[in-house]
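Peer 1: Following the hints, put chain B in place on chain A, whose structure we already have.
Residues per chain, in single letters:
Protein chains: 2
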Amino acid sequence: LIVPTQSPMPSDRIAIAVDTLGGDFPLEVPIAGALRAARKGGFSLVLVGPQERVEQTLARHDVTDLTIEIVDAPDQVGMDELPTRAIRKRNSSMRRTIDLVREGKVDGGISGGNTGALMAMGTLFLRTIPGIDRPAIASRVPRIGGSTLLLDMGANVVCSAENLVQFAIMGDVFARVINKRENPAIGLLNIGSEEIKGTDTVKQAGEILSKLPLNFVGNVEGNDIYLSDVDVVVTDGFTGNVALKTSEGVAKMITTLLKEALLSTTRSKIGALLVKPALDIMKEQVNPDRYNGALLLGLSGVLVKSHGGAGLDAFTNATMTAFELAKGRVVTEIEEEISHMAGGMSAAQDEPASED
Amino acid sequence: LIVPTQSPMPSDRIAIAVDTLGGDFPLEVPIAGALRAARKGGFSLVLVGPQERVEQTLARHDVTDLTIEIVDAPDQVGMDELPTRAIRKRNSSMRRTIDLVREGKVDGGISGGNTGALMAMGTLFLRTIPGIDRPAIASRVPRIGGSTLLLDMGANVVCSAENLVQFAIMGDVFARVINKRENPAIGLLNIGSEEIKGTDTVKQAGEILSKLPLNFVGNVEGNDIYLSDVDVVVTDGFTGNVALKTSEGVAKMITTLLKEALLSTTRSKIGALLVKPALDIMKEQVNPDRYNGALLLGLSGVLVKSHGGAGLDAFTNATMTAFELAKGRVVTEIEEEISHMAGGMSAAQDEPASED
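Protein chains in written order, with our numbering: chain A, 28 to 383; chain B, 28 to 383.
Okay, chain A solo, but in the shape it has when bound (with noise of 0.2 Å):
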């Protein structure tokens, strides 16, 4: 049922709009994955993007089951533009997507465009959080048994030690509406474990968040984001968009030479359909699209970034992300616990060294 722009959706229903346009694979990919992630979750959805094309690629699917809107919005953000340059599309699809947010006319919105253009929009047009000075962009990397939350990821290539603290009880929040984690494991990302390390921003912060009804688990390195069971970590948007890249870079290296490994002799080419089914699992655990979607937290309004790149199982659980944020009331969680805690923060602050 393709319902005309602008007509009432189910009050009932959580909407999600998508900015069809985002991505490597505009329209098809977008597309495809909200209707997916639509019927899985039962939620409404607002295709925003060129109205003829968007019908056309709809028409490729049944869509009978699914409430959906479509809203005209022509233009495209280009993947490398600039930010300021963006902003100025009034009739783009991710400057759509947003005002719907906005509006309050859909519960959340999903763009796998340009991260820097999403960001300044989002934060120009919804706003903060009252109380959150930044946004940060979060993402989950997998580990064995779960995923971590990691923020930020380059939204501040430079943090004060205030940021810090309010991404960790963003990530709190997270953690426990999303992960369904009682009493989230909250770490610092830092250069070693004992407190004498670290920048005096990082040891700010720690002194910070140790006073604070968090479960703050102190200083965490590296490797712990992906060998203990830490649910988040909190650095800066420089050092936690390295840790990403690296990782990636990393994962992708051993990837690469484990499948030329395999394929190396007859031997080995024998062994690999053996193993196959075993490896198969194994990579199902640690599938970087099992958490596609990075969260702009701290923004009055849900909105998630798909991987630019991502395809239609990534894109489908990125869309699903944004329903569960919206369905979680992440924004107004996230808005009751920095307000429960800002006394705290304060006195904290304010409180001499001496009477630690």
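These are computed hints drawn from the structure, not numbers from a lab. These numbers were taken from a predicted model, which means no experiment stands behind them. One or more hints might be untrue.
Remember, identical chains collapse to one label, so a pair may be satisfied in a single copy or spanning two.
Claimed, not checked - Cut-off 20 Å, straight-line C-alpha distance, at most; resulting in silico cross-link-like pairs (DMTMM-like, lysine to aspartate or glutamate):
| hint | residue 1 | residue 2 |
| --- | --- | --- |
| 1 | 116 | 126 |
| 2 | 224 | 107 |
| 3 | 224 | 108 |
| 4 | 279 | 256 |
| 5 | 279 | 311 |
Peer 2: Chain B only, in chain A's frame:
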């Protein structure tokens, strides 16, 4: 042939001092590793540690073909001892090892002990090369077809643009002298390949580097450490340490999952036997032991830090690295290159941006 302490070494051979008390396996591993390296490289050894215990350990080896001195140093620097405390131990094996380098009695030193203490003592007693403000810890990480030199890995949590530029010059010398690269490609670790991204410090370092006679390839991202063919990646000690530890975490996680997968079913176990020879060849390619030995670059003397948990192979390789640094006269080479580029550096900094 065990010659008495302080006797003259053959002056035409390179001599390396070995802190025999450093690392998790004192005496045994450093001595056995040093002997193997000395035999391989054809250099002399000065074993620094408690004389009697060093002699006892040496007695279990046939060393008739080697030139070895023992320098008595009864005290040990603890792996968790504060650098400020460790510095005061005048008779520690670490301190005496550094003294031998400073006094020119050996051409280089190696220790598997406390990194912070080694760095602090090295800086205090060896001093930095003229023109180098701060030494850096450099590490090599394996990548397909070679290795990448990363620096700084944790000596300096906060770095100026000038520090980063000096690290680049030191990395260039290392890659030329040790890795025999004619015109090493040098990248600056950043969070995007676009020039607009990153911190002001990184941007400023990039501007200076682009004007120096180096093969500066611009910004690189975390994944490029493992997937590109850049020879040297320059970053501050905080980011570098996180990148290195994160890499270790990812590699360990994948290895653990891989082992579990291969042993998970009868079918996969049979397959594992068939693929094992191919996997062993692959493992050797990315074996971190091959590149054991963090280099304390920028000091007026060769000082190598072996991984504390290093086994025999790893310690042997780290000792070989100390020998190669000494043989390649890396300290002199850095001195010359930094003085050669000093003019370029100040010119680059003074130049107004409009003339770029």
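Peer 1: Now tell me if each hint is right for this structure.
Peer 2: So, going through the hints one by one against the coordinates:
| no. | hint | in the structure |
| --- | --- | --- |
| 1 | 116 to 126 | within (12 Å within a copy, 66 Å between copies) |
| 2 | 224 to 107 | between (38 Å within a copy, 12 Å between copies) |
| 3 | 224 to 108 | between (39 Å within a copy, 13 Å between copies) |
| 4 | 279 to 256 | between (23 Å within a copy, 15 Å between copies) |
| 5 | 279 to 311 | both (15 Å within a copy, 17 Å between copies) |
In terms of the numbered hints stated before, the structure departs from none.
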